[in-house]
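Number of protein chains: 2
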Amino acid sequence: MNPQVTIKDIARLCNTSVSTVSRVLNGHPDVSEPLRARVLEAAEKAGYVANGSLRNKSKANTIAVIQRGEGNLFFPQLLQSLLPNIYKRQYSCLLYQIATDGDEIRAATTLVRKERLLGILFLGGRFNYTKEELAPLSVPFVCCTYTNAFGCLEAGDYSSVTIDDSQAARRAVHTLYKQGHRRIAALIHEEADHSIGELRYQGYKAALREHGLPLDTGLVECAHGYDLSRAYRAAERLIQRRRDFTALFAISDTMGLAAMKALQDAGLQVPADCSVMAIDGLEVSRYVTPTLMTLEQPVATLGEEAVRILVDRIEGRAGNRHLVVGTRLRAGASVRRVSPED
Amino acid sequence: MNPQVTIKDIARLCNTSVSTVSRVLNGHPDVSEPLRARVLEAAEKAGYVANGSLRNKSKANTIAVIQRGEGNLFFPQLLQSLLPNIYKRQYSCLLYQIATDGDEIRAATTLVRKERLLGILFLGGRFNYTKEELAPLSVPFVCCTYTNAFGCLEAGDYSSVTIDDSQAARRAVHTLYKQGHRRIAALIHEEADHSIGELRYQGYKAALREHGLPLDTGLVECAHGYDLSRAYRAAERLIQRRRDFTALFAISDTMGLAAMKALQDAGLQVPADCSVMAIDGLEVSRYVTPTLMTLEQPVATLGEEAVRILVDRIEGRAGNRHLVVGTRLRAGASVRRVSPED
Numbered sequence: 001m002n003p004q005v006t007i008k009d010i011a012r013l014c015n016t017s018v019s020t021v022s023r024v025l026n027g028h029p030d031v032s033e034p035l036r037a038r039v040l041e042a043a044e045k046a047g048y049v050a051n052g053s054l055r056n057k058s059k060a061n062t063i064a065v066i067q068r069g070e071g072n073l074f075f076p077q078l079l080q081s082l083l084p085n086i087y088k089r090q091y092s093c094l095l096y097q098i099a100t101d102g103d104e105i106r107a108a109t110t111l112v113r114k115e116r117l118l119g120i121l122f123l124g125g126r127f128n129y130t131k132e133e134l135a136p137l138s139v140p141f142v143c144c145t146y147t148n149a150f151g152c153l154e155a156g157d158y159s160s161v162t163i164d165d166s167q168a169a170r171r172a173v174h175t176l177y178k179q180g181h182r183r184i185a186a187l188i189h190e191e192a193d194h195s196i197g198e199l200r201y202q203g204y205k206a207a208l209r210e211h212g213l214p215l216d217t218g219l220v221e222c223a224h225g226y227d228l229s230r231a232y233r234a235a236e237r238l239i240q241r242r243r244d245f246t247a248l249f250a251i252s253d254t255m256g257l258a259a260m261k262a263l264q265d266a267g268l269q270v271p272a273d274c275s276v277m278a279i280d281g282l283e284v285s286r287y288v289t290p291t292l293m294t295l296e297q298p299v300a301t302l303g304e305e306a307v308r309i310l311v312d313r314i315e316g317r318a319g320n321r322h323l324v325v326g327t328r329l330r331a332g333a334s335v336r337r338v339s340p341e342d
Numbered sequence: 343m344n345p346q347v348t349i350k351d352i353a354r355l356c357n358t359s360v361s362t363v364s365r366v367l368n369g370h371p372d373v374s375e376p377l378r379a380r381v382l383e384a385a386e387k388a389g390y391v392a393n394g395s396l397r398n399k400s401k402a403n404t405i406a407v408i409q410r411g412e413g414n415l416f417f418p419q420l421l422q423s424l425l426p427n428i429y430k431r432q433y434s435c436l437l438y439q440i441a442t443d444g445d446e447i448r449a450a451t452t453l454v455r456k457e458r459l460l461g462i463l464f465l466g467g468r469f470n471y472t473k474e475e476l477a478p479l480s481v482p483f484v485c486c487t488y489t490n491a492f493g494c495l496e497a498g499d500y501s502s503v504t505i506d507d508s509q510a511a512r513r514a515v516h517t518l519y520k521q522g523h524r525r526i527a528a529l530i531h532e533e534a535d536h537s538i539g540e541l542r543y544q545g546y547k548a549a550l551r552e553h554g555l556p557l558d559t560g561l562v563e564c565a566h567g568y569d570l571s572r573a574y575r576a577a578e579r580l581i582q583r584r585r586d587f588t589a590l591f592a593i594s595d596t597m598g599l600a601a602m603k604a605l606q607d608a609g610l611q612v613p614a615d616c617s618v619m620a621i622d623g624l625e626v627s628r629y630v631t632p633t634l635m636t637l638e639q640p641v642a643t644l645g646e647e648a649v650r651i652l653v654d655r656i657e658g659r660a661g662n663r664h665l666v667v668g669t670r671l672r673a674g675a676s677v678r679r680v681s682p683e684d
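If you're matching them up, the sequences are chains F and E in order.
Okay, so the first sequence: first residue is 1 according to this note's numbering, each after it adds one.
Okay, so the second sequence: first residue is 343 according to this note's numbering, each after it adds one.
Please note that a few of the clues may not be correct.
In the DMTMM-like style, the derived pairs of lysine to aspartate or glutamate whose C-alpha atoms are separated by at most 25 Å in a straight line are [said to hold, decoys possible]:
id : chain 1 : residue 1 : chain 2 : residue 2
1  : E       : Lys456    : F       : Glu33
2  : F       : Lys114    : E       : Asp654
3  : E       : Lys456    : F       : Glu115
4  : E       : Lys387    : F       : Glu115
5  : F       : Lys131    : F       : Asp157
6  : E       : Lys430    : F       : Asp9
7  : F       : Lys88     : E       : Asp443
8  : F       : Lys88     : E       : Glu412
9  : E       : Lys520    : E       : Asp535
10 : F       : Lys114    : E       : Asp443
11 : E       : Lys547    : E       : Glu533
12 : E       : Lys387    : F       : Asp9
13 : F       : Lys114    : E       : Asp351
14 : E       : Lys430    : E       : Glu647
15 : F       : Lys178    : F       : Asp244
16 : E       : Lys387    : E       : Glu375
17 : E       : Lys456    : F       : Glu304
Just so you have them, the derived chain E footprint on chain F, three or more residues with Cβ under 8 Å [stated by the list, open to error]:
id : stretch
18 : 183 to 197
19 : 211 to 220
What the hints contain is simulated information worked out from the structure, not anything from laboratory work.
It should be emphasised that the depicted structure is a prediction, and the values quoted were computed from it without experimental measurement.
All C-beta atoms, glycine included, are put in the ideal place defined by N, C-alpha and C.
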């Protein structure tokens, strides 16, 4: 290493400007290839080492996306929105997937140590982090589609972009109620997973309370996962146990699709025998029969804002922020009007 | 830079072994955190620079996945199989998505320059690369789900893992033929895209020829993309133009799902009025009604072997290789038997 060599020296050696050398060394794309090669060669020969340690210099433009839950169809859709925003800001995306019951903070801590990341986008995670758990995370991060609802972090401790999950679930159940449904089953993840599932289940219970409907736990079934096959088996269990519901609220589109299939396989028509309503707004939910009625997450906004917040933090332009966005009702043929006496 | 400092010196400074220093500097995870920190600090203070240039040292464990076609539902499924294999071998995955009509070689060349990759997994791409185009790609790569069928590369010039697309299409059409279908429509990408679509279309035509059926181009519709919405619109155009087919072959599950929806929206029952058969084997295709009959790609094998071939190349254990795997017929309710006179 040769700390006395500066980018001014390299600029002089290459007969170019300091800002051009800086752009090359920072990996900006707006420099011609011959000039880039010349600058890099000169920097190398002169033994130039950027400020900061050897560790921080490498992978200096990498953001990691840590996706929790491989089988959840919503994440590829969100990822598709995140990626162009990451590229637009000249960052690269390292992708890491873990299981639904995996520990995203542990995965992140390992990655930060191994990969010298600049920041992390968490796609899904627990809602109850503590300050102590987050301490090893030395880089900015944004919780995408969740918050610290069950934890005790302060707003300044982390960033998030999300819908209001509890409110969305209330809205979904309210939508079914307005269509006359009174016995509304729920397909959830776990009753108390301290995660998105719990919040959406809370919204379901809140909606029932608001409309004076009793909570009938026999109408609630846990999928213990967010993938199609677990959700299908859970819906099967529910249908085997009970047939006295006219509507089913699924906490995600993936679960809603699986529920429709389980109902149809059990000889029940959707929506004639049972209406189905979900939250997320998958693209594929438009292409099943009947189309799944759902509350769409604004994926384009979530993707854009998550990257904006993270990059603003990385580049020191802003502190932690929280963005809560609304859902949009997507019409679908999976819900029908019934008379409340049905 | 201080080229005279060797890892032996650092090992001595840290009172540890050369192999431990090597493991730390190569980013292996099996070193305790305090020791890792001590080695890195010593290396930095001593001005250690690894063999090779400044450029090649950084991101020394990164593989890029370049996915061509954001809306193709098959790729998230393949990615889910690739990722654990990448992690298992101590590599990280940089993800880059481009449009279906994007230039994956150009994207790769830029990434190689910017990111110091060790290798590339291409998820989808053209089948007609030339040696000249590939010259700037200085790292090993594996074409996942395609080969150089329309180009003139030699086997030693690249690696690939794929099904036999033409053969799979023949098998799909043959399956429909055996069920009595004689007027079989096709939903394809482009007639001559020098890509997977063309190969599968060739298989469709070959199957017709083998069974003495005429090619009726009025029964062929191009989606100009692999996403649901383009495929749906293409199926709509086909249905508006013709109703005299008893079966439809879609070159991908994504297209098959969209076609079933378009048929149902046009008042046609699947399979009563029209059977639908596809290739790929998406998970979600099991959860639509009727379930889509399809030829499954062996995703687990493709993912495992693609990573194995790439890592063997990167680590110098083997040269370029080509793996062709078979498809498996997945039963589905979207195909019915008809009498050949139908």
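Checked hints:
1. E:Lys456 to F:Glu33: Between lysine 456 of chain E and glutamate 33 of chain F the Cα gap is close to 11 Å, so the pair holds against 25 Å.
2. F:Lys114 to E:Asp654: Status holds; Cα separation ~22 Å.
3. E:Lys456 to F:Glu115: Holds, because 16 Å separates the two Cα atoms, which is no more than 25 Å.
4. E:Lys387 to F:Glu115: With Cα atoms ~21 Å apart, lysine 387 of chain E and glutamate 115 of chain F stay inside 25 Å; holds.
5. F:Lys131 to F:Asp157: holds (8 Å)
6. E:Lys430 to F:Asp9: violated (43 Å)
7. F:Lys88 to E:Asp443: OK: lysine 88 of chain F and aspartate 443 of chain E at ~19 Å, within 25 Å.
8. F:Lys88 to E:Glu412: Holds, at about 16 Å.
9. E:Lys520 to E:Asp535: Roughly 29 Å between the alpha carbons, so the hint for lysine 520 of chain E and aspartate 535 of chain E is violated.
10. F:Lys114 to E:Asp443: violated (35 Å)
11. E:Lys547 to E:Glu533: Roughly 11 Å separates the two Cα atoms, so the pair holds.
12. E:Lys387 to F:Asp9: With Cα atoms ~22 Å apart, lysine 387 of chain E and aspartate 9 of chain F stay inside 25 Å; holds.
13. F:Lys114 to E:Asp351: holds (23 Å)
14. E:Lys430 to E:Glu647: Holds, at roughly 13 Å.
15. F:Lys178 to F:Asp244: holds (18 Å)
16. E:Lys387 to E:Glu375: holds (18 Å)
17. E:Lys456 to F:Glu304: holds (23 Å)
18. 183 to 197: violated (count 0)
19. 211 to 220: violated (count 0)
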